[in-house]
Amino acid sequence: TQLLEQSPQFLSIQEGENLTVYCNSSSVFSSLQWYRQEPGEGPVLLVTVVTGGEVKKLKRLTFQFGDARKDSSLHITAAQPGDTGLYLCAEGGGSNYKLTFGKGTLLTVNP
Amino acid sequence: EAQVTQNPRYLITVTGKKLTVTCSQNMNHEYMSWYRQDPGLGLRQIYYSMNVEVTDKGDVPEGYKVSRKEKRNFPLILESPSPNQTSLYFCASSSPWLEEFFGPGTRLTVL
Chain A
493 TQLLEQSPQF LSIQEGENLT VYCNSSSVFS SLQWYRQEPG EGPVLLVTVV TGGEVKKLKR
553 LTFQFGDARK DSSLHITAAQ PGDTGLYLCA EGGGSNYKLT FGKGTLLTVN P
Chain B
503 EAQVTQNPRY LITVTGKKLT VTCSQNMNHE YMSWYRQDPG LGLRQIYYSM NVEVTDKGDV
563 PEGYKVSRKE KRNFPLILES PSPNQTSLYF CASSSPWLEE FFGPGTRLTV L
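If you're matching them up, the sequences are chains A and B in order.
Sequential numbering from 493 applies to the first sequence in the working numbering.
Sequential numbering from 503 applies to the second sequence in the working numbering.
I should point out that these hints are in silico values taken from the structure, not numbers from a laboratory.
Watch out, some of these pointers could steer you wrong.
[Unchecked claim] Just a sample of chain B residues kept apart from chain A, beta carbon distances all over 10 Å, derived:
#, residue
1, L513
2, L521
3, N528
4, S535
5, Q547
6, E555
7, P563
8, S569
9, A594
[Said to hold, decoys possible] DSS-like mimics (lysine-lysine), calculated; alpha carbons at most 25 Å apart, straight line:
#, chain 1, residue 1, chain 2, residue 2
10, B, K519, B, K571
11, B, K520, B, K559
12, B, K519, B, K559
13, B, K573, B, K520
14, A, K549, A, K562
15, A, K548, A, K562
16, A, K590, A, K551
17, B, K571, A, K590
18, A, K590, B, K573
19, B, K567, A, K590
20, B, K559, A, K590
Values in this document were obtained by computation on a predicted structure and should not be read as measured data.
Where a beta carbon is used, it is the ideal one built from N, C-alpha and C, also for glycine.
Same shape as in the complex, but just chain A (with noise of 0.2 Å):
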């Protein structure tokens, strides 16, 4: 089974901040999924991605997949109070279904 480390654990930061979290592995990634999961909530999916050097945006949140397929990042512009939650990397998917999961980032954005 793949482990998926992720860094840092926690981060607490002011509204307006900028952010950025990592997603690494020892091995290839076949493919790298991205979740926020709120309190009291199931994880959503925010990104999926899997060709290496791929960099994909969502309003504020830039994702980037490294060239080895091993690491990924996760960068929040202007964080504001409604970002705060966890965020998970998962690996795999595809024809196999299975997903393996990081212990992920719990974010907290202050007002």
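Add chain B to chain A, keeping to what the hints say.
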């Protein structure tokens, strides 16, 4: 509305009293799975099902049973719950190459 539903959302029970957590999806997905989420351990897969009558163990299957008699339903059974099964449980479903949809979660406490 596409969704995964779980019941109950909250459950407090005692050691050894059999319980079932139901899960249902309305998206005609082939794949369904159960996860538990614990502080510091992240999301860990308990069991998964590739289709009707096809189930297999995930990473932490001990103490759990599942069945998949219909495509839409995937109940999780705890024959003799123990306190170490106190956790937040999520059901999820997906089709190949599509996102995994999560239910709202069931918070289980075993006394």
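Hints, one by one, checked against the model:
1. Non-interface status of B/L513 relative to chain A is upheld: no Cβ of that chain comes within 10 Å, the nearest being about 15 Å off.
2. Residue placement check: B/L521 keeps its beta carbon more than 10 Å from all beta carbons of chain A (closest about 20 Å).
3. The Cβ of B/N528 lies farther than 10 Å from every Cβ of chain A, with a closest approach of about 15 Å, so its non-interface assignment holds.
4. Under the 10 Å C-beta cut-off, the non-interface status given to B/S535 relative to chain A is violated; the minimum distance is some 8 Å.
5. Against chain A, the non-interface label of B/Q547 is violated: not every CB pair exceeds 10 Å, the least being about 7 Å.
6. No beta-carbon of chain A comes within 10 Å of the beta-carbon of B/E555; the shortest separation is about 16 Å.
7. At roughly 14 Å from the closest C-beta of chain A, the C-beta of B/P563 stays outside 10 Å, upholding its exclusion from the interface.
8. Every Cβ of chain A is farther than 10 Å from the Cβ of B/S569; the closest lies at roughly 18 Å, confirming the non-interface assignment.
9. Distance to chain A contradicts B/A594 as a non-interface residue, since its nearest Cβ pair spans about 7 Å, not more than 10 Å.
10. Our distance criterion of 25 Å between C-alpha atoms is met by B/K519 and B/K571, whose separation comes to about 24 Å.
11. Between B/K520 and B/K559, the direct Cα distance comes to roughly 20 Å. Compliance with the 25 Å bound is thereby established for this hinted pair.
12. For the hint linking B/K519 to B/K559, the alpha-carbon distance of about 23 Å falls within 25 Å, and the restraint holds.
13. Pair hint B/K573 plus B/K520 holds up; C-alpha atoms about 24 Å apart against a cutoff of 25 Å.
14. Between A/K549 and A/K562, the direct Cα distance comes to roughly 20 Å. Compliance with the 25 Å bound is thereby established for this hinted pair.
15. In summary, the hint linking A/K548 to A/K562 is supported, as the alpha carbons are separated by about 17 Å, within the 25 Å threshold.
16. Taken as a hint, the A/K590 and A/K551 pair is broken in the structure, with Cα atoms around 28 Å apart against an allowance of 25 Å.
17. A C-alpha spacing of about 21 Å is found between B/K571 and A/K590, which places the hinted pair at or below 25 Å, so the restraint holds.
18. Taking the CA atoms of A/K590 and B/K573, the gap is about 18 Å. The hint holds against a cut of 25 Å.
19. For the proposed pair B/K567 and A/K590, the alpha carbon gap of about 18 Å is at most 25 Å, so the pair holds.
20. Between the alpha carbons of B/K559 and A/K590 the distance comes to roughly 11 Å, so the proposed pair stays at or under 25 Å and holds.
Of the hints listed earlier, those the structure fails to meet are numbers 4, 5, 9 and 16, in rising order.
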